[in-house]
Amino acid sequence: MPTIFEWEKPLVELEEKINELRTFVYEQGIDFRDELNDLERKADKLRKEIYERLTPWQRVRMARHPDRPTALDYIKMIFDDFYELHGDRRFGDDQAIVGGIAILDGEPVTVIGPQKGRDTKENIIRNFGLPHPEGYRKALRLMKQAEQFHRPIITLIDVVGAYPGIEAEQRGQGLVIAECIEQMSFLEVPIVCIITGEGGSGGALAIGVGDRVLMLEHSWYSVISPEMCATILWKDANKAPEAAELLKLTSTDLLKFGIIDDVITEPIGGAHRDHEGTGRQVKAFLRRHLSEIRKISVDELVNQRLERFRKFGEFQAKKLAETVD
Amino acid sequence: MPTIFEWEKPLVELEEKINELRTFVYEQGIDFRDELNDLERKADKLRKEIYERLTPWQRVRMARHPDRPTALDYIKMIFDDFYELHGDRRFGDDQAIVGGIAILDGEPVTVIGPQKGRDTKENIIRNFGLPHPEGYRKALRLMKQAEQFHRPIITLIDVVGAYPGIEAEQRGQGLVIAECIEQMSFLEVPIVCIITGEGGSGGALAIGVGDRVLMLEHSWYSVISPEMCATILWKDANKAPEAAELLKLTSTDLLKFGIIDDVITEPIGGAHRDHEGTGRQVKAFLRRHLSEIRKISVDELVNQRLERFRKFGEFQAKKLAETVD
Amino acid sequence: MLHVFRNKPKYATVRTTKADQEVEANGAQPRKNADQLWTRCDDCSSLIYNKELQKNRYVCHHCGFCFRMSAVERLQLLTDECMFTPFDALVSANPLDFPGYPEKIAHYQNITQLDEAILIGEAKIEGYSCVLGIIDFGFIGGSMGSVVGEQIARGFEHGIAKELPVVVVSGGGGGARMQEGIFSLMQMAKTAQAVGRFKRAGLFYLSILTHPTMGGIYASFASLGDIILAEPKALIGFAGPRIVAQTTRQKLPPDFQTAEYALKHGMIDGIVTRSEMKATIGKLLSFHL
Amino acid sequence: MLHVFRNKPKYATVRTTKADQEVEANGAQPRKNADQLWTRCDDCSSLIYNKELQKNRYVCHHCGFCFRMSAVERLQLLTDECMFTPFDALVSANPLDFPGYPEKIAHYQNITQLDEAILIGEAKIEGYSCVLGIIDFGFIGGSMGSVVGEQIARGFEHGIAKELPVVVVSGGGGGARMQEGIFSLMQMAKTAQAVGRFKRAGLFYLSILTHPTMGGIYASFASLGDIILAEPKALIGFAGPRIVAQTTRQKLPPDFQTAEYALKHGMIDGIVTRSEMKATIGKLLSFHL
Ligand SMILES: [Zn+2]
Ligand SMILES: [Zn+2]
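Protein chains in written order, with the numbering used here: chain A, 1 to 325; chain B, 1 to 325; chain C, 1 to 289; chain D, 1 to 289.
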């Protein structure tokens with residue numbers, strides 16, 4: 001059973017009607033062309049209405065749609081070849097993060113991304129896409145390797161957060177996130193980060209320090225999930241929709257803030273309704289941005305990357321009057 | 001009860017006799033000066049006889065004497081100050097290896113060494129001085145840190161081997177040894193390695209890649225322990241004395257081979273009989289060798305270090321006749 | 001150098017239960033009633049006479065638990081005669097237009113007499129000049145917004161410019177300043193990069209973790225020290241213990257996320273009591289001249 | 001390039017029990033009796049017709065276990081039409097005057113028709129030039145003495161000189177050549193440093209672990225690959241399983257030190273079947289041109 005959001009229902013009903021009519025036309029040979037055109041116009045209008053005024057919370061839910069493409073889906077759609085590499089060389093192979101070497105337009109690149117499962121069984125193997133420290137250490141190892149061989153790095157980010165478990169804490173979840181952020185910042189290769197679904201806090205930033213940070217239209221990126229924010233503010237996780245509003249976590253907001261560089265538009269109805277279309281979009285955006293930053297010398301690239309993050313933040317110098325009093 | 005080796009017994013008995021006589025002289029006021037001098041001459045002669053013709057196996061046993069100074073003993077004796085640092089930042093703090101920053105002649109150095117326990121309780125904490133991978137990762141972290149701050153590195157080696165345990169294998173004992181060897185080889189700081197007791201195979205070499213490799217007189221260094229060698233050759237660990245002979249593992253042999261640069265002579269009777277005297281010796285040798293290599297530029301130092309190990313090995317080109325036939 | 005503090009700190013801070021540290025903490029608790037003379041130790045439950053506690057640098061003399069200190073108290077503890085030249089003060093903006101945030105800032109400025117959750121400047125410790133930054137838990141749980149991030153970055157930049165070591169005393173409940181949303185998250189990158197630049201300049205960064213150092217502060221500059229020390233029993237970790245318990249539905253180990261736990265698991269270099277902290281910092285600075 | 005082998009390999013190798021791999025192995029077991037037509041799989045205990053086994057590249061078709069292969073057979077498996085130019089041959093000395101060592105060398109040279117436990121030279125794999133080194137377990141258990149160490153070092157040096165990638169297929173029972181004592185140990189440093197120089201030259205090293213890769217070989221060049229692959233069920237580790245069992249007095253996990261165990265614990269990049277090995281090497285070489 002595919003997941004259908006309540007706001008999609010009128011559209012889905014209309015689409016079903018259209019399909020029924022089409023079948024009818026096909027089977028009976030009666031000409032309903034005008035009616036069909038009319039209905040399709042209606043559907044187009046409805047689509048626009050629905051998807052142009054999605055609330056932040058609705059977009060969060062779209063980012064979490066169970067049929068949304070995962071990292072491995074994108075890898076299959078975008079690249080000509082892929083060889084997955086495993087392990088952190090220290091403790092384990094975290095299947096919540098996949099990574100390896102892929103070919104884009106004949107050139108090798110390193111691709112890394114948290115991997116959600118498609119069903120319960122896979123989700124258990126993938127720990128629902130929530131990485132342990134060894135996952136981040138694998139990512140870091142592969143990023144360092146990419147640097148060694150001058151391969152660009154592409155990260156596909158879809159992660160609610162680093163796993164908050166006992167063993168994860170034991171093995172230094174906070175420390176490894178800091179190490180990833182710090183070391184990724186200085187890598188002498190082009191880095192494109194694409195938030196494809198959820199961009200949850202430090203667990204996303206750990207693989208999110210890029211020369212270009214792109215976001216799919218209906219993805220979110222925030223310091224805290226709406227549910228957790230609502231719990232803190234109002235002791236009520238059900239007020240997540242209101243929190244989503246406050247947090248300014250949509251691609252639209254983040255583009256305005258300059259936190260991200262570009263929004264990758266999704267096929268109407270969202271990525272989950274059209275994988276191939278989404279894959280083509282992501283590939284086109286990736287190609288464009290990557291070819292732009294490939295032209296920059298690595299020294300300059302690292303400088304720009306550092307400057308980019310250096311300037312984030314809003315504050316004022318304290319007024320002199322206050323200082324004196 | 002101090003451990004007394006069978007070959008020490010005549011000497012220990014003589015020394016006891018001398019002490020008794022001294023007490024008698026002191027208590028009774030009778031003049032036994034001549035007899036005492038005579039006995040002491042005898043004791044000197046006996047000491048020389050015993051310690052000059054120790055067999056390799058006897059020297060192995062001296063290297064393992066429970067009262068032999070440990071890494072922390074040497075650190076206390078040699079350095080003016082010491083601050084121990086902990087942890088590998090990944091998994092744990094292995095107490096079988098200690099490390100930290102110490103002061104030698106006013107200058108900071110990084111000191112690292114496997115640490116054996118003095119009693120059963122401490123030996124359990126220290127895992128009998130048998131490191132796990134996290135111990136080697138701590139060592140590597142501290143060595144990298146030393147490089148960052150241009151501190152010379154001193155390793156004090158007394159280890160039967162890396163711990164052959166299930167968890168140790170699980171966490172990559174072999175891999176971490178290789179990483180230590182490889183990375184230590186390229187560190188841009190002077191490195192002095194001192195084998196103070198046992199130098200057991202890869203577990204010793206992992207912290208043994210130095211610009212100077214020194215050995216205490218009664219220590220051993222080998223690719224395999226005599227017991228294990230005997231087991232393989234004759235399926236009888238009791239033939240370890242014979243294996244010790246074959247393996248050429250004494251400081252005398254290894255100096256001749258050019259594997260080590262210098263032998264640190266121990267006070268007569270061995271390090272366990274005179275900690276302070278041994279500490280003074282080690283300090284003197286360390287100072288001399290360190291001051292020599294401190295004068296060499298780091299680039300040259302790394303080159304020399306690589307050349308040193310590059311040339312180890314004995315082989316011949318295959319004779320032409322053989323190639324043709 | 002200036003003696004910058006006109007007012008002696010008025011308030012001491014006490015540790016409350018672990019649960020409430022996780023969510024946003026209310027910071028320093030002024031002891032409003034004069035008759036409230038006693039404080040209960042969170043770790044061993046002993047009742048301690050407040051004057052005694054203050055005299056003992058807010059350390060429980062029964063169990064050694066280190067109560068929270070304000071940044072000013074910490075500064076007095078660590079610096080030579082409070083020799084400290086603060087950086088230019090910065091105050092928060094409201095980048096998300098988060099409702100009530102400016103009022104919250106004003107409230108905590110009033111309570112703590114600080115501009116923000118950090119005190120930072122050039123200091124002298126045991127005769128050694130350094131950059132010293134101190135996070136104040138009393139200011140919105142010691143969370144990192146744009147100002148804390150900027151000041152930390154400036155601290156490391158100042159260190160590079162003047163070739164000084166940097167000492168940061170961290171202690172933040174949840175790490176991030178939720179009200180600044182994504183800007184708060186970006187401070188993790190900004191500060192981690194500042195540390196990275198500083199390290200690549202060959203300089204020494206000593207990170208000191210006090211109770212509690214969690215979330216985004218722990219997962220950025222606080223865990224990137226060349227040497228990392230902690231106060232006894234300080235809570236150190238990424239995810240809060242309540243979230244871990246909820247997620248895993250497991251009973252947490254009794255010492256979970258304590259400094260002792262971090263030491264055992266290889267994450268910190270050592271645990272240093274409050275009374276030995278200044279001398280230890282001095283020694284480590286002397287090792288890195 | 002030359003087709004260097006005059007004789008087809010006469011002997012296939014079979015895996016014996018785990019216990020005897022640990023100590024010194026006797027290497028390739030010639031099948032002396034013509035009527036010994038079957039081999040028992042060590043992993044699944046199936047009886048396999050020898051001709052079948054050879055046809056199937058010494059892989060058990062019941063369970064996928066990869067029997068040992070001689071270096072020559074491996075070369076035939078991996079290279080394009082055996083395109084291989086070997087380095088100058090080296091033979092062992094006897095640096096410790098170890099009794100019986102020269103005779104042992106002569107014996108194994110005779111049995112294996114190899115000069116030493118390694119076959120190394122420039123090769124072509126799927127059209128890509130590379131340095132290819134193959135350890136032969138049949139030669140004193142594939143142990144590393146001065147010759148293996150020297151040849152491995154030369155392999156990486158050749159790679160640097162000609163800007164070629166290096167592929168090493170490892171497989172050594174105990175790793176070290178006991179009879180060369182400390183000189184054997186020093187080969188760990190020599191080979192690890194050769195890898196280090198090679199990596200710093202920006203070149204690509206692919207390490208392939210076959211059954212068994214243990215001890216000093218695993219703890220030096222074999223585990224330093226940029227990418228590390230293994231054959232299914234290959235034994236991989238530092239200490240031999242018997243020693244681990246003796247030391248810890250614990251029951252070993254059933255998959256202890258297998259390739260699958262190494263993969264699960266993050267030590268290798270992947271497991272590749274024998275039939276896919278050549279194509280996989282080719283692909284990875286193509287990724288690193
Ligand atoms: Zn207490
Ligand atoms: Zn089988």
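Since the hints were derived computationally from the structure, they do not count as laboratory data. There could be a bad hint or two in this list.
[Unchecked claim] According to the in silico footprint, chain B covers these stretches of chain D (three or more CB under 8 Å from chain B): (1) 64-71; (2) 91-103; (3) 149-159.
[Stated by the list, open to error] Below, in silico cross-link-like pairs of lysine to aspartate or glutamate (EDC-like), each with a Cα-Cα straight-line distance of 16 Å or less: (4) C:124 with C:163; (5) D:283 with A:80; (6) D:283 with A:44; (7) D:278 with D:80; (8) C:283 with B:44; (9) A:9 with A:38; (10) D:199 with A:80; (11) C:283 with B:81; (12) D:162 with D:122; (13) C:278 with C:80; (14) A:256 with C:97; (15) B:17 with B:52; (16) A:311 with C:52.
All figures in this text were calculated on a predicted structure; none of them were measured in a lab. Glycine residues also receive a C-beta, built at the ideal position from the N, C-alpha and C atoms.
Hint consistency between residue 124 (chain C) and residue 163 (chain C) [alpha-carbon to alpha-carbon, up to 16 Å]: Since the Cα atoms of residue 124 (chain C) and residue 163 (chain C) sit roughly 14 Å apart, the hinted pair holds (cutoff 16 Å).
Hint consistency between residue 311 (chain A) and residue 52 (chain C) [alpha-carbon to alpha-carbon, up to 16 Å]: With Cα atoms ~46 Å apart, residue 311 (chain A) and residue 52 (chain C) exceed 16 Å; violated.
Coverage of the region 149-159 of chain D by chain B, judged on three or more residues with CB within 8 Å: Coverage by chain B holds for the region 149-159 of chain D (3 residues, Cβ < 8 Å).
Pair hint residue 283 (chain D) and residue 80 (chain A), alpha-carbon separation not exceeding 16 Å: 12 Å, holds
Hint consistency between residue 199 (chain D) and residue 80 (chain A) [alpha-carbon to alpha-carbon, up to 16 Å]: Distance of about 27 Å is beyond 16 Å: violated.
Pair hint residue 278 (chain D) and residue 80 (chain D), alpha-carbon separation not exceeding 16 Å: 9 Å, holds
Coverage claim, chain B over the region 91-103 of chain D, checked by counting residues with Cβ within 8 Å (three needed): holds (count 8)
Outcome, coverage of the region 64-71 of chain D by chain B - at least 3 residues whose beta-carbon is closer than 8 Å to one in that chain: Violated: only 0 residues of the region 64-71 of chain D have a Cβ under 8 Å from chain B.
Distance restraint between residue 283 (chain D) and residue 44 (chain A), which requires alpha-carbon spacing of 16 Å or less: 46 Å, violated
Restraint check for residue 17 (chain B) with residue 52 (chain B), where alpha carbons must lie at most 16 Å apart: 23 Å, violated
Restraint check for residue 283 (chain C) with residue 44 (chain B), where alpha carbons must lie at most 16 Å apart: Outside the cut-off at roughly 46 Å; violated.
Distance restraint between residue 162 (chain D) and residue 122 (chain D), which requires alpha-carbon spacing of 16 Å or less: 10 Å, holds
The structure fails hints 1, 6, 8, 9, 10, 15 and 16 (numbered hints given earlier, in ascending order).
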